[in-house]
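Residue strings, one per chain:
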Amino acid sequence: MLLKVPSGIRYLIEDGCRIVYSRSAEHEDGDVSLFLLGSAWAALCYQRGLIPLHASAVYIDGKVHAFTGRPGAGKSTLAAALSARGHPFFTDDVLIIDPARLSPDPLCFTGQKDLKLWRDAIELTGAARGVPVRSVAGFDKHYATPTNPTGAVAGVMASLVVLREGGRNSEPEITPIRGAPAINALRRAVYRPIFAEKILGNRALWQGLAGLAGKVQVMRFTRRMMPDEFDSGVAFMARWIEAHD
Amino acid sequence: MIEGALPPIAPPREANPGGRIVWLASFPKSGNTWTRILLANFLGELEQPEETDDPIAAVGQISSDRSAFDNITGICSGDLTVAETDLLRPLVYRECARSTPRAHFFVKVHDAWQRNRAGEGLFPADCSRGAILLVRHPMDVCLSFAFHRGQADCTQTAHHMSRPNFSIGRRSHAQIPQQTLGWSGHYLSWTRQTEIPLLVVRYEDLLADTVTVFARMLTFLKIEGADDRERVARAVELSRFDRLREREDRAGFRETAPTAERFFRSGRSGEGIESLPAELRDKLWHDHAAVMEELGYSKSGVIRL
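Protein chains in written order, with the working numbering: chain A, 8 to 252; chain B, 143 to 447.
Chain A with its partners taken away, still in its complex shape (with noise of 0.2 Å):
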């Protein structure tokens, strides 16, 4: 598969073990890892039969709590804000599911173990703020070191929670989605779902999906999203983590 960014670097990434990329002199090496680890990761993630999900996670005790939800939702976020209340911190962005190794337990693997954040995020999170992910003038999005990170690359997945935001008079609300509409919330989930089509195949996707959906906790966590709530919504989430773990 052969993947083109418009900044003009380009990646060919062939039989699940190798990615070849082309780049220029005006090209950064950040700007070569960034999209080589995001997407070019993901394609070849796929190549090997691998589901890589659009999720953040914190670790506690070798199970792992996911965060997907639509860009802007909080992954990222919430996920470094409960690495700062003492729930290490797992994987940014990419969490990994491997379909043959759902039982007894649903293993899944970090992607990326730097956040990126919006400088609004690292100021609410407390995290170390980094480099900015891209070496053009004003990028505000940078690389970030979470409070409290964990070693492990690898854990049992036990909740995915669907980030939502709620109305004005909305309170915070955790609630199950099963069945059906819990497979659909898995395939929204679903990282470069593009990608998973064209080299995975929406068969094997959909029966990936459905196996994990019966070992996982698929959960909708709705919160306003006001800055001065945001505080308040993390530890209601961290409760909910700590009540399930």
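Do not rely on the hints blindly, as some may be mistaken.
Stated by the list, open to error - Just some of the chain A residues that point at chain B, by a computed CB distance under 10 Å:
1) Val12
2) Ser14
3) Ala32
4) Phe42
5) Ala49
6) Gly79
7) Asp121
8) Lys123
9) Gly145
10) Phe146
11) Arg195
Stated by the list, open to error - Which residues of chain A face chain B? A few of them, derived with a C-beta cut under 10 Å, are:
12) Ser31
13) His61
14) Asp127
15) Val140
16) Arg141
17) Phe202
Think of the hints as simulated: they come from the structure by calculation, not from any bench. Beta carbons: idealized from backbone N, C-alpha and C, even for Gly.
Based on the hints, put chain B in the right spot on chain A.
What follows is chain B alone, placed relative to chain A:
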């Protein structure tokens, strides 16, 4: 401020029924979402799946939707510069048009009509049925937009409305940044382009006689049933402002800014003229008089019908 005479407006053209995308273009807070809901109710496509938080997801999308961009391109838009994102946007919209099972796919657009650095229009004409450009008196826009941004003082918003490089969507991260070119620039960009057939609709006219003006939109877009007044009236009834407010209170609304108390605020016409301080009314008139006059908007708020 626009110097000299405005360039000539593009000649009217008929919508292209072979194109699937209908662009609902507007500067923010000009009735775009309401129009999209009217269309959804007319087409019977407003069912809200439990899993989505967007009450109008079923009928189309926003041009700045990061999910659609990321899913179609396989690249995270949040890792791209604005110029890089713009290079891929025509591809994204063509794919939306190709893959939709519907005859028409409505896309809300706050961007000005522009070309990317490759010289291609961000909104490709080859998959476009046409565009509705919604405009609203800038004083009302200013008041409503300031509220949307969580600001009681409208000074900064009035300033932004006059900035040719004013873009939105940078703070929410749920959206791709959109270059508006300011209030006048936005209107001029759409009305002077010649690639996409366009109908200009004033919010005030839509508010005053929703059934007639909405039917005019449907006719322009060559949507089946446009002459069925009863069906049009039913869609209008289902899209009443108080219903939208109640729905937002109950279920939230994806497009509500984190800083805003709510998305659907009042919807009334003339509030800006009543509420804005004189210096801001003067500024808006000074900066936008040429376009306001072309649209029939006056400084005192009298609207030529």
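Results of checking the hints against the structure:
{"no.": "1", "hint": "Val12", "result": "6 Å, holds"}
{"no.": "2", "hint": "Ser14", "result": "6 Å, holds"}
{"no.": "3", "hint": "Ala32", "result": "18 Å, violated"}
{"no.": "4", "hint": "Phe42", "result": "7 Å, holds"}
{"no.": "5", "hint": "Ala49", "result": "8 Å, holds"}
{"no.": "6", "hint": "Gly79", "result": "3 Å, holds"}
{"no.": "7", "hint": "Asp121", "result": "13 Å, violated"}
{"no.": "8", "hint": "Lys123", "result": "8 Å, holds"}
{"no.": "9", "hint": "Gly145", "result": "9 Å, holds"}
{"no.": "10", "hint": "Phe146", "result": "7 Å, holds"}
{"no.": "11", "hint": "Arg195", "result": "7 Å, holds"}
{"no.": "12", "hint": "Ser31", "result": "15 Å, violated"}
{"no.": "13", "hint": "His61", "result": "9 Å, holds"}
{"no.": "14", "hint": "Asp127", "result": "8 Å, holds"}
{"no.": "15", "hint": "Val140", "result": "6 Å, holds"}
{"no.": "16", "hint": "Arg141", "result": "7 Å, holds"}
{"no.": "17", "hint": "Phe202", "result": "6 Å, holds"}
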